[in-house]
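J.: Sequence:
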Amino acid sequence: MFGFLKKKLSSVIEDITKKIDDTKETITKTVSEKEITEDALDDILFNLEMILLENNVAIEVSEKICSNIKDNLKGQSVKRTKIKDIIETTFKDSVREILNQEKLDIYSIIDKNKIEKKPTLIMVLGFNGAGKTTNLAKLAHKLLNQGYSCVFAAGDTFRAAAIQQLEYHANTLNIKIIKQDYGADAAAIIFDAVKYAKSKNIDVVLADTAGRTHQDINLLKELEKITRVNNPDIKFLVTEALAGNDVIRQAEIFNKVGIDGVILSKWDIDQKGGAALSITHTIKKPITFLGTGQEYEDLEEFDLDKIIDNII
Numbered sequence: 009m010f011g012f013l014k015k016k017l018s019s020v021i022e023d024i025t026k027k028i029d030d031t032k033e034t035i036t037k038t039v040s041e042k043e044i045t046e047d048a049l050d051d052i053l054f055n056l057e058m059i060l061l062e063n064n065v066a067i068e069v070s071e072k073i074c075s076n077i078k079d080n081l082k083g084q085s086v087k088r089t090k091i092k093d094i095i096e097t098t099f100k101d102s103v104r105e106i107l108n109q110e111k112l113d114i115y116s117i118i119d120k121n122k123i124e125k126k127p128t129l130i131m132v133l134g135f136n137g138a139g140k141t142t143n144l145a146k147l148a149h150k151l152l153n154q155g156y157s158c159v160f161a162a163g164d165t166f167r168a169a170a171i172q173q174l175e176y177h178a179n180t181l182n183i184k185i186i187k188q189d190y191g192a193d194a195a196a197i198i199f200d201a202v203k204y205a206k207s208k209n210i211d212v213v214l215a216d217t218a219g220r221t222h223q224d225i226n227l228l229k230e231l232e233k234i235t236r237v238n239n240p241d242i243k244f245l246v247t248e249a250l251a252g253n254d255v256i257r258q259a260e261i262f263n264k265v266g267i268d269g270v271i272l273s274k275w276d277i278d279q280k281g282g283a284a285l286s287i288t289h290t291i292k293k294p295i296t297f298l299g300t301g302q303e304y305e306d307l308e309e310f311d312l313d314k315i316i317d318n319i320i
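Residue numbering for the sequence shown follows the numbering used here, beginning at 9 and increasing consecutively.
Just so you know, not all the hints are guaranteed correct.
Label-pair ranges, simulated between beta-carbon atoms [to be verified]:
| # | residue 1 | residue 2 | range |
| --- | --- | --- | --- |
| 1 | 277 | 237 | 31 to 39 Å |
| 2 | 93 | 239 | 45 to 53 Å |
| 3 | 207 | 115 | 21 to 29 Å |
Since the hints were made in silico from the structure, they are not lab data. Glycine included, each C-beta is placed from N, C-alpha and C at the ideal position.
Make the full structure from the sequences, and use the hints.
T.: This is the structure:
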């Protein structure tokens, strides 16, 4: 993640130090120190902002990062060799501040519910094509490996293909699926799945939901009904790492019914990191998992320290 920034940021840092050298107007400073003016930074940080925007970082986020760098440099007299350190440290600190949301510990939630003799309902939200059903199956595989029992709820009744896809995963993973025909009441299906899980002492209900499109106002109403009827323990927004600034719109729409965490799919295709920064900045919720491929094993738990270490 953020590997795209390594060369770009180094180039920007060199431009900043050169700009400071070119605009030095006093001989009272030592040769090794430069007074950094606000004007000397504006053009170069604009270039950095453009680089961030080109790599799917939302404008509010790119402005925040550049503003933090500017605040830490302007008006200071620092050794030229320290400028690079200041920029790199500020950049990393800014990214950490955005991504460092309170962790969603799904295992603790499941374990707590098990003590109370009730299943945990995990529901995935997201637009069509984001990878909801695939990542729901990956999550099921991960939970099975952790020793938890699962049942699927085919809550996406808007597309017959979605029911068939989830049924395929259920057969492959040997998981029971609760389903009805195309067009059935999704809230009722998920309710039945929870009831079934409780009667069979199953630990987790994994519920798919319809995605549809941005313009479908009935989508939100349906999700609100599902949430009201079933009161999910965890609601994951599934979105693509390559969604660009569209990820903000998705986050705003689905957060109206409440999002607890994010599964960022297709991470193996696009690791620029812009979507990760944009979505956490928008809804202030953690990224919990990264989809890193097509196999069931390809669901990686989000590791903030690992990501920060890879920035520069």
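J.: Is 31 to 39 Å respected by the C-beta to C-beta distance linking residue 277 and residue 237?
T.: holds, 36 Å
J.: Honestly, do residue 93 and residue 239 meet the 45 to 53 Å range at C-beta?
T.: With a Cβ separation near 49 Å, residue 93 and residue 239 satisfy 45 to 53 Å, so the hint holds.
J.: Indicate whether the distance between the beta carbons of residue 207 and residue 115 respects the range 21 to 29 Å.
T.: holds, 23 Å
Figure legend: structure checked against the earlier numbered hints; every hint is met.
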